[in-house]
Structures are given as C-alpha cells and as structure tokens.
Amino acid sequence: MLTPTRTLVERSPFTVAWVVPVAFLLLVACGDDPTGTEPDPAIGLSVSPEQVEVEPGGTASVTVEVARTDFEGAVTVGVSGLPSGVTASSLTLDGGLAVETATLELDASADAPAGTASATVEASASGVSAVTASLEVSVLPSGNFSLSLEPESLELQQGGSGEVSVSISRSGDFEGEVALSVEDLPFGVAGAFEPEATDGESSTLTLQAADGAEVGSANATVTGEATELGTREVSLGIEVTEAPDAQTVSFGFCESSGLPQWFAVQDGDGDWQRVEPEVATQTEHEYVFELESGRGGIAWFGAEPGADAELHLFYGSAEELGHGMACEPEESPLRTVSGAVVGVDAQAGEMAQVSLGGQHADMPSAGSGGFTIEHVPQGPQDLLAARVRMEGMGTGEPSSRVDRLLVRRGVDPPEGEQLDRVDFDSEEAFDPAEAEVALENLNGETGFVNVQIVTAAGQLAVPSFDFSTDAVRSYQGLPTERQTSGDAHVLGAMAIEMDEASGEGTVRFSSRSVAAVENTSLALGPHLTAQVSAGTLPSASFSAQPEYEGMWIGTFAQERPDREHMVGVVILSGYVEATAGTVELSVPDLSDVEGWDPDWGLETGSEVTWVLGAASASLLELVGNLSDPTGAVGISMQMATEAGSFTP
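Per our numbering, the sequence shown starts with residue 15, numbered consecutively.
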C-alpha cells in the first residue's frame, strides 16, 4: 500500500500537499492516532460587556463565559489591573459543563478616584494553560445626572409652537453645568432651550413649526452633556399636523352686557390688532375677524360713566371664541310678575325662595310677604319655591335645611300679573326628598353643599349648608314621584380655607348633575398649583393638574379713587391643547395697539387683589350644559381657586 504513494510522489512532488492530509484523515477515521498522543486540554474565555462604567460606591456586573475543551475540572477566574479603589472577588467554576457562565461583580469604594484602566480577566485551571481577556473599566466622577421631559410627546400645528419642560435630576455631589441640545427634529421644526446650559435643575425647550413643516410623526432626541460625566439622552415624540384653514369668528355684544369701547384680536401668537365692529348700533356691536392659525385671543375694554373699568382677555380656539361669552340680543321683551308668600315663620328662622323661568324673586331674605320677579322670559315657565329653615345664624356655624317645596309647571302670566300666592302650608306644597352626600378629599376644611333644582323651564338654587368640617352632609330635592322627564338636580360642594382679614385663601368646588335624590359622593379636586408674578402686567404659571384641564382664569382688581379697575384673563382648553407641563397666563402689553389708553391697565403704587382659578370643564362643555342642564345628568366639574394680593 505504500508503494503507490511513493510512485505518485516520484511522479509529481506537488501531490504531497493533499496526499498526506488525506492519509491522516483516513487514519483518524479508522481510529488510529498517527501521533500516538492525546489532544491538549484548553480553556476558551470571553467577557461581556468589554467596557463597563461604575460610580463611586457602586457596583458593575460583567458576564464571564468559559468554554472547556477535553477536560472537566474547575476553572478559576480573576481580574488584575483594575482602577484604584475598584475590587473584584475571584470566581471558581466547579466544572462539569462544556460551556459555563458566571457574573463577575466589580465594587468601587465611595472614594474611588475617577479614571479608566485596561484590566485583564484571567481564567486558569490545573494542568491547563491560562487564558486572558481585556476589560476596560471606568470609574465615573462622583455624582451623576439624568434627564426627563414633561410632556414626553408633543403635537404641533404647522406655524404653531409648543413647550417642553426639561428636568435635570442630579445625584451625588455633581453640581456641574449641563449643556442641552436636540436632534432629529422633523423637517421645518426648530428648537431652542432657555437656558441652553445650566447648573440648575430645569430648562424649557421651545419648539416652533414653520408654515411648511413636514406633517407626520418623529422621535427627536434631547441630549444633556456634562464634562467628565459624558452625555445622557431622552426621547421626545413629535407629531406635526396640518394648519387649519382660516376660520371666521363673530363675537357679539348687546346693551344689557355693556358695549365695549375698544376691541382687539391676536391671531395665534401674532401681534395684537384693533378691530372695528362690523355692526355698531346703540344696542348691539358685532365684531367679525379671521384666525388663520385656528386659535387666538380677543381683548376688549368697557366702562360706563361712574362704573368699574374692565379689561377682558379671552384665549381659545376659533370654535370656542365663536361661542363668545357676551349676551345675545333679546329676541322678545321680558316681563315682570309679582306674588305673595305665606306659611313662612321668620321668628322660627324660616325664609322663602321663589323663582320663575330661572329668575329669582326680589323679596325679603326672611319672613312672608310680597315678591317681584323681573326679566322673566316669555312663554310657559316653571315656578319653583322652597321654604328653608336657617339655624345658627351669627354663630359662625350656620346651617340650613329645606323643609317644604312647591312646583307649578307651565305658568305663563301676562306682564304685571299677580301670581297665585305661594302657600307652603297648602296641599300644593310637599316635603322634599332627602339623602346624604359624602365629600371626598375635604381634608378637614370647612365646606358646604348646595343643590340646584332644574326643570325643563325653570331652576331654583336651594342652599343646604352647614359650615363645618363634616365629610357627610344631607341635601334635599324633588321626590321621585314629583319629577317629570328631564328634571335634574345639580349637586355642588365647596371647601374653603380663607383669611377673612386679608382675603387670601383657597376655594375648591365640585359639582355633578343627578336625576334622583339619593345617597352619593362628590370628590373635591386638589388645591390649585400656581404662582403669581407681580407687576402692572401680572402673570401666572399653572402647573399641569389632570383634574383642571378645561380652562384657566386670572383676575386682577385695583381700587382707584374714582372706580375699580379690573383685568380678567381666561385661557380655554382649545388654545393650549398642544401645550403641556405648565400653562402660562399673562396680561399682554397692548400699548402699541391702535386706540389703547394706558389708563385702562393697572398702575403702580396701588394694591392689586388677584384670584386664580382652573376648571375641569371646557367652555364648550359649560355652554352645552347651561343650554340644556336637564340633559346633562352625570356631567361633573371640578374647580379650584386661590386668592391673594400684591402692590406693583
């Protein structure tokens, strides 16, 4: 068998290169060992990750993988060359597996100095050659930081802007400056930080979308960089939507609400422009304007001779501003009716309440007697009356309870007619239904409850109060058998913390409409979280509170020698729906707007009393509920206010 091989070699020496390996493989296949020795045992070693960071006083983990070849014994893993102050205990893998993993813990002392070292991980075993792997270990400077965003995603309209609050959380003794930047913004969107670099804990990122910004979704990256600590990143979702078509808005006034002397409009975040009325009569003014951005503000000033001067500012979507807050011209003349009440004992602390068509009687606060109701709408109306027993008046802890009710439906008296007397001792009157309401989140504050009885053509406010800290109260209303389809009760509760001397304090209000008088609960929202900045152009910053996302209000009143000056600002939810984190309310500088009189604003040197408020319901919800309260059963609202004063 050897001869043919020699013959081939003699003929072609180049065949040795493949003949010998082939012969070796044939021998191995036959079970023969041409060398006469066993293979050497070996160790395979890998580490993951190959680079780690550890904070002083912290721990970092490294995964070690050991592979055994031709042996099953124990393998010892150790580390050398670690940075100063960093230690690692050795590992022993007992064996039995071809591939085995373990976790290597690196511990840094609290005073470990910052720095990086190339350490060596070594695996060794008895009778086996040791192997090594490289591991880069970095000790971070003492302290750390991280970033967070509020909100984490933002919707921008083309041509619009929005703000994101950037929070910088620091740990350890890190007090250094963090430089902020943003990348991967959608095409046509620009971002700017204020401040751009800070050694504080927050910054504001303002995003501005150009008119032609690309519509769609994107994930931008907000980065913070600090010397020695490196960079930290957080993702920001951005949705760019098409700008709405210009919308025409009509805002009207009638004489009974007061006609403005001056009116101006702001389209989006643009400049304020004076607008003249399209209709201007002695009894009606109508202003018509366009909002290309779909949102904006309106401002008007009015003051009758000798009356208070009032500057009003409203911010909202075109739809919200189109509903307006001024009265509509009266379509038909109102009427005045009168009547008399009997069955009320003033000496026993009883008083009567009477309403017709939602208008309340002009009558003594207690006792029997005649009454007059003005401004009653034309057509059939519902008359509602209640006898209320008052207790504890003048004691600081007054209370009231309704003990008789009377309802007349479809009353349609002519102008000046005397109504049939309201007799609480007659068969027409009846006892109210009574139930309890549990006030959630009263938190020991003084509070009271009231009920608005609402029918299809009338309403009556029935106070059921006891100024106390009790969480459970009774309330009264229409018994079920006295109700018709559409009747409802609007149940309201108020918690008050007020300093009567200074007028400073807080009020929280909650309401919900129910059909039947039954045991229920009513949750009060949290206290308002807002801050006021003083000045002749005051401002306020409202923190985001999920209970109050419908509208935000600020009023600033100042006494002058001749009259009171009031500035009121209302921001509706449609105006700030693309903004989150905080809502900024401010009195703008209108001095450059045509026709503006500086005397219409606030002045220095005189005390300003202010009230801030926020509500859960938007203007559109409130308008809908007010226009059809009987169809709003189950609708609820929460509101909170805070009051104070300053001198600019």
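Where hints are given, some of them may not hold.
With beta-carbon atoms standing in for the labels, derived distance ranges [stated by the list, open to error]: (1) D434 x S555: 48 to 58 Å; (2) P55 x S98: 33 to 43 Å; (3) E191 x E290: 47 to 57 Å; (4) G336 x S557: 43 to 53 Å; (5) T106 x S195: 45 to 55 Å; (6) E617 x E290: 53 to 63 Å; (7) E304 x T241: 21 to 31 Å; (8) G582 x S195: 50 to 60 Å.
In case anyone wonders, no lab produced these hints; they're calculated from the structure.
All C-beta atoms, glycine included, are put in the ideal place defined by N, C-alpha and C.
Going through the hints against the structure:
1. D434 x S555: 48 to 58 Å: 56 Å, holds
2. P55 x S98: 33 to 43 Å: 36 Å, holds
3. E191 x E290: 47 to 57 Å: 52 Å, holds
4. G336 x S557: 43 to 53 Å: 30 Å, violated
5. T106 x S195: 45 to 55 Å: 48 Å, holds
6. E617 x E290: 53 to 63 Å: 28 Å, violated
7. E304 x T241: 21 to 31 Å: About 51 Å separates the Cβ atoms of E304 and T241, which means 21 to 31 Å is violated.
8. G582 x S195: 50 to 60 Å: 40 Å, violated
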